[in-house]
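All chains should be built: construct the whole structure from the sequences, respecting the hints.
These protein sequence lines map, in sequence, to chains W and S. Sequential numbering from 1 applies to the first sequence in this note's numbering. Sequential numbering from 1 applies to the second sequence in this note's numbering.
Please note that the accuracy of each hint is not assured.
What the hints assert, rightly or not - With a Cα cut of at most 16 Å, we get these calculated EDC-like pairs of lysine to aspartate or glutamate:
| no. | chain 1 | residue 1 | chain 2 | residue 2 |
| --- | --- | --- | --- | --- |
| 1 | W | Lys-280 | S | Asp-129 |
| 2 | W | Lys-759 | S | Glu-3 |
| 3 | S | Lys-7 | W | Glu-722 |
| 4 | W | Lys-269 | S | Asp-20 |
To be verified - Just a few of them, taken from the derived set where beta-carbon distance is under 10 Å, the chain W residues facing chain S:
| no. | residue |
| --- | --- |
| 5 | Ser-154 |
| 6 | His-161 |
| 7 | Asp-163 |
| 8 | Phe-166 |
| 9 | Tyr-278 |
| 10 | Gln-597 |
| 11 | Thr-647 |
| 12 | Thr-648 |
| 13 | Asp-733 |
| 14 | Ile-737 |
| 15 | Asp-762 |
| 16 | Cys-783 |
| 17 | Ala-820 |
Stated by the list, open to error - From the structure, some residues in chain S lie toward chain W, with a derived Cβ separation under 8 Å:
| no. | residue |
| --- | --- |
| 18 | Glu-3 |
| 19 | Thr-98 |
| 20 | Cys-126 |
| 21 | His-131 |
| 22 | Pro-132 |
| 23 | Asn-182 |
Hint data in this document are derived by calculation from the structure and do not stem from the laboratory. Quick caveat, the model's predicted, so the values are computed rather than measured. Cβ atoms here follow ideal geometry from the backbone N, Cα and C, with glycine treated the same way.
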Amino acid sequence: MSQVNRIKGGLIDTNRSLTFTFNGRKMQGHPGDTLASALLANGQRLVGRSFKYHRPRGIFTDGSHEPNALVELESGAHLEPNTRATTVELYDGLSARSQNHRGSLEHDLMAVTDLLSPFMAAGFYYKTFMWPKAFWEKLYEPMIRISAGLGSLSMKEDPDHYDKGFLHCDLLVIGAGPAGLAAALAAGHSGARVILADEDFRPGGRLSGETFVVDDIAGAEWTAQALTELAAMDNVHILTRTTIYGAYDHGVYGALERCTDHLAVKGDKPRQILWRIYSKRALLTAGATERPIAFGNNDRPGVMLAGAVRTYVNRFGVTPGREVALFTNNDDGWRTASDLAAKGVSISAIVDARDQAAPATIPGAQVFMGQSVVDTKGRKGLKSITLSGGHTIPTDCLAVSGGWNPNVHLTCHQRGRPDWHEGINAFVPGGALPPGMAVAGAANGTLTLGAALSEGHRAANAMTKDLGFNASRKPAPKAEDEAHECAAFWHVGASRARAWVDLQNDVTAKDIKQACVEGMASVELVKRYTTLGMATDQGKTSNITALAIMAEVNGKTIPETGTTIFRPPYTPVAMGALAGRARGKDFRPYRLTPSHQWAKANGATFVETGNWLRAQWFARPGEKGWRDSVDREVKMTRASVGICDVTTLGKIDIQGRDAAEFLNRIYTNAWLKLPVGKVRYGLMLREDGIAYDDGTTARLGENHYVMTTTTANAVLVFRRMEFARQCLWPDLDVHLISTTDGWAQYAVAGPNARALLAKLVDAPFDISNEAFPFMACAELSVCGGTKARLFRISFSGEMAYEIAVPTRFGNSLMEVLMEAGREFDAVPYGTEALGVMRIEKGHAAGNELNGQTTALNLGMAGFINKNKDCIGKVLSERPDMNRDDAIRLVGFKPVDHSQKLAAGAHFITKGDTANMANDQGWMSSVAFSPTFGHSIGLGFIKRGHQRTGEVVRAVNPARGSEVEVEITSPHFFDPDGGIQRG
Amino acid sequence: MAEYSLKSSSALSGYNHDFDGIKLRELTGLSILSIAVPLSGEAAAKTAIHTAFGIFMPEIGASTTSANLAMRLVRLGVDQLFLLGQSSDAKPAQLKGTVYTTDQSDVWIGLELSGPKARTALARICPIDLHPKVFAIDAAARTSMEHLGTIIIRTGNDAFVLLSASSSASSFLHAVELSIGNTS
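This is the structure we're talking about:
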């Protein structure tokens, strides 16, 4: 098939040809074509099947508002369904297929649904699939799902990559049509930083599709000159192929730039970029969208919007038909007839719903004033139209114009409601616009060229002046104002055949009337009941017509009937673009411990804790599972010495004259008398009295402390302390800075910990128990002069130290500790062994400080100092949080030592039914203890501290298990603390 | 002589790479001293800093350099500054107790990004407006890039220093490298 409909002219490069395929058929087009214009040039009128009734459909528009011409692009993992042919820039090798048909496009087996249409009116699904109830999930829904949807996904991982970015400007101009170009020129001359964005690959808007004259030259030529001028300005950034899809708070706009979609060879750069644009002001010059008129069988391939028909002729050098007819209710529609006639395209008839004198004379065209098109013929391509006066006129293309709707969408993104404009029978921006936004040109209801140009120019000058720039002194571009009288004529009531309002969702005028009759009073309900205005086009060509029909049925005006609210995105945005780089291993950043490389080389299995990757255990050859490794690590640590990277715990450097007082207010316990060189355990509460975080704080100097927090809460605790410092007590001289990443810190635990560290500590520092007892801390040097910090603290319950060196020495210190520890059979241990040993010792951790427990529950009521205030103290004193039967943290062991315990089990008294009424508490942490040879657990149970020795049931309905457990002290290991003090 | 000694290693192993229009390198041996100004102690701190290092205290969001450009003082907040230099440059003792100091050298990694395409690459991850009229030479800001807290300083027409946490250095480098790869 050759380009049978290609005519002379247009803004395309006919010197070069591009080859593409549609449903496997090879076709030719030219650079500057869209897929739609190339299909029309090749005489391809039928391009798809409709959503519900599988009716044959053709290209209806020339832009992103296209409801019909949705195709699948490319294949395999690159397949992209539901792509609007009217926005796809043609490239060599493009491959497209029609969608939503079973069998060929020409002979769709699913077209049978069209015959069933009398039974499938609005609300069909809601009414039909209600019974029997059980059928819905098993039968109805799967069946509907098979036939629903338009294109299909490849179900493969998207092989393209995407990026995001940030742009900044004084003025964002949204749309590079006449008003936008005039605005960008004015703002550019003022010196303001301007971003001019347009969704098309060719800026110009309607100037590209019309035969207008601006400043005495052809509109397209003026556009080219304007772009050259703008491109030469350093302060202007032109973004083509970029849709501003959303208006967000504080002048932030979302933009999608399509970078490589139009290239035959895509390269390795991101396919699309999602930009966040920070603007001081924004000018919406997004133009207007032509609306159709609803009449019988108005959905046949060949029925198109009038403005689109002349765009194909003027911009693309393609005539959509050989005998074109026009149906209009306004003057603008007549320009399609005059433009086509000027290009030598035959105009068979002009039908104008207005009963008045014809506004123009078109050679060879029959004119029918005061008449309407009531029906059409030609199932797979228009053949004729029938008029209300009874005439039947042969035609292969009917251009329809029902007037123009300003593209107000972005003005509504922050709940602005548009106003009705009687003069143009359309909604214009109204209500509260997003702060900083103004609107100009057709988007503002200024539908004529001369006025749009000067409005864009004026608006830009006002906004740049407001920002402190000197307004451009250049005059606004000049053009005539064309006739645009439009009648309030929406649909042809005399049509007997179905009149389609929403082509994408197969919603007819009758469906809308029926929805109103059935009580769908508001437009929102009609939308949901009929599916009007949904899917990729979001009702851009159908919403106003539907409102008009609703208004007619309900005897109201259109503004009384209402309007739908528009939300982002303006046009579809691929999920891949929203994800950007955040996929797979790059979903989020990782934090690595200083010994990561060592751990990796020594068999560590890593676990994600927050963003950290921590060694969970270190498998040795011959070990059959993680338990083998963990049991060995615990046993060897308790027998000799173990080393664990604890760098991930938060470290906060606290300095200031009032640092001690600050800690006194942050922690529940007293801090004023902690001597230099000592460490103390501290507990923090939330404002509501619930336990928040715990850790140790070391006093390194008179006004210098180092706090440790749990790994999970490091950032939160720091943020909370900054808030307290800056907002609660700005009168205190206290300063905070995180040093978590600055120190590599290792726990060295076990009976030989001291002997091992003695080999590293530089003389004359003495780490004997006498010189450096439990809860001591010091700044010292190790390994011949490397500065270090040493803390005599223990999480494992062992005689233990934590040693810290600057991070750059961290990996090396791990190597040295292992080397020096060889004589003691030192073992590295991971977070699992760490967890086992802390449960054996009875230390509370995240499972216990879970946001529901109080100091009393945790057995730490004594930590709340009675003689001072602290965050959370007042509310921790509420009576209900201090009940006699409050839950208490205790230990649990299975009566039958061979049984395993499970975290999450709830405690029930023997003989009671296992239900919520009899719930006594829950098991929070469990582990197999290699030290004791059986499972142990920590948990909360009512009055637990008074129930030692009692046997209760640990019931876990979720896992179907029940174990009898004995209540014990939470301190299974070394309950009197003699070992850790040793 | 001690039996054991510790070897120092930089988080990014001294990364240094030339791309088309951009040079990216790790600032090895970077010393960062955080300086906290005591309550009501700004005047004394200003004098002490100038006496010790010959640097004037900048306004918030800006930085100043020593005469030989070896040291840079960055003002991050009302009472917080970072003194950047090489490890031997700044000794806290020189400030004679007028301020509180914390060694931050190992908390951060520094990347220097320079070249005519540096700003274009940074636009992919940096939410801050880096236009020279807004973010002039010596300007500094705290922001986040790819979820990672970052301090950015403009050190030249086309040169920027980025500081980010050392534990996530490899993820941060990947983010910057990818931004360069996507734009150059």
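Quick rundown of the hints versus the structure:
Of the supplied pair hints, the one linking Lys-280 (chain W) and Asp-129 (chain S) holds, its CA atoms being roughly 12 Å apart against a limit of 16 Å. Using a Cα cut-off of 16 Å, the hinted pair Lys-759 (chain W) and Glu-3 (chain S) holds, with the two alpha carbons roughly 8 Å apart. Between the alpha carbons of Lys-7 (chain S) and Glu-722 (chain W) the distance comes to roughly 35 Å, so the proposed pair goes past 16 Å and is violated. Simply put, Lys-269 (chain W) and Asp-20 (chain S) have alpha-carbon atoms about 14 Å apart, close enough for the 16 Å limit, and the pair holds.
For Ser-154 (chain W), the suggested interface contact is broken, since its CB lies about 24 Å from the closest CB of chain S, more than 10 Å. The restraint placing His-161 (chain W) at the interface with chain S holds, with a minimum CB-CB distance near 8 Å, inside the 10 Å limit. At a threshold of 10 Å, the smallest CB-CB gap from Asp-163 (chain W) to chain S is about 5 Å, leaving the interface hint in force. Given the 10 Å rule on beta carbons, the hint for Phe-166 (chain W) holds: about 5 Å separates it from the nearest Cβ of chain S.
A hinted interface residue such as Tyr-278 (chain W) counts as satisfied when its beta carbon comes closer than 10 Å to some beta carbon of chain S; here the least separation is about 7 Å, so the hint holds. For Gln-597 (chain W), the interface hint holds, since its Cβ comes within 10 Å of a Cβ in chain S; the closest pair sits about 9 Å apart. Hint on Thr-647 (chain W) holds. Least Cβ distance to chain S is approximately 8 Å, under the 10 Å limit. The beta carbon of Thr-648 (chain W) is positioned within 10 Å of a beta carbon in chain S (closest approach about 8 Å), and the interface hint is therefore held.
Among the interface hints, the one on Asp-733 (chain W) holds; its C-beta lies about 4 Å from the nearest C-beta in chain S, closer than the 10 Å criterion. Given hint, Ile-737 (chain W) at the interface with chain S, holds; its Cβ is 5 Å from that chain's nearest Cβ, closer than 10 Å. For Asp-762 (chain W), the interface hint holds, the least distance from its beta-carbon to any beta-carbon of chain S being 6 Å, beneath 10 Å. A hinted interface residue such as Cys-783 (chain W) counts as satisfied when its beta carbon comes closer than 10 Å to some beta carbon of chain S; here the least separation is about 5 Å, so the hint holds.
For Ala-820 (chain W), the shortest C-beta to C-beta distance to chain S is roughly 6 Å, which falls under 10 Å, so the interface hint holds. Residue-level restraint check for Glu-3 (chain S) holds (minimum Cβ-Cβ distance to chain W is 6 Å; threshold 8 Å). A cut of 8 Å between beta carbons decides the hint on Thr-98 (chain S): the least distance to chain W is about 13 Å, and the hint is violated. At its closest, the beta carbon of Cys-126 (chain S) sits 6 Å from a beta carbon of chain W; the interface hint therefore holds under the 8 Å criterion.
At about 7 Å, the closest approach between the beta carbon of His-131 (chain S) and any beta carbon in chain W falls short of 8 Å, and the interface hint on this residue holds. Nearest Cβ of chain W to the Cβ of Pro-132 (chain S): about 11 Å, over the 8 Å cut. The hint is violated. With 8 Å as the threshold, the beta carbon of Asn-182 (chain S) comes within range of chain W, its nearest partner Cβ sitting at about 5 Å, so the hint holds.
Hint check: violations occur at hints 3, 5, 19 and 22; the rest are consistent with the structure.
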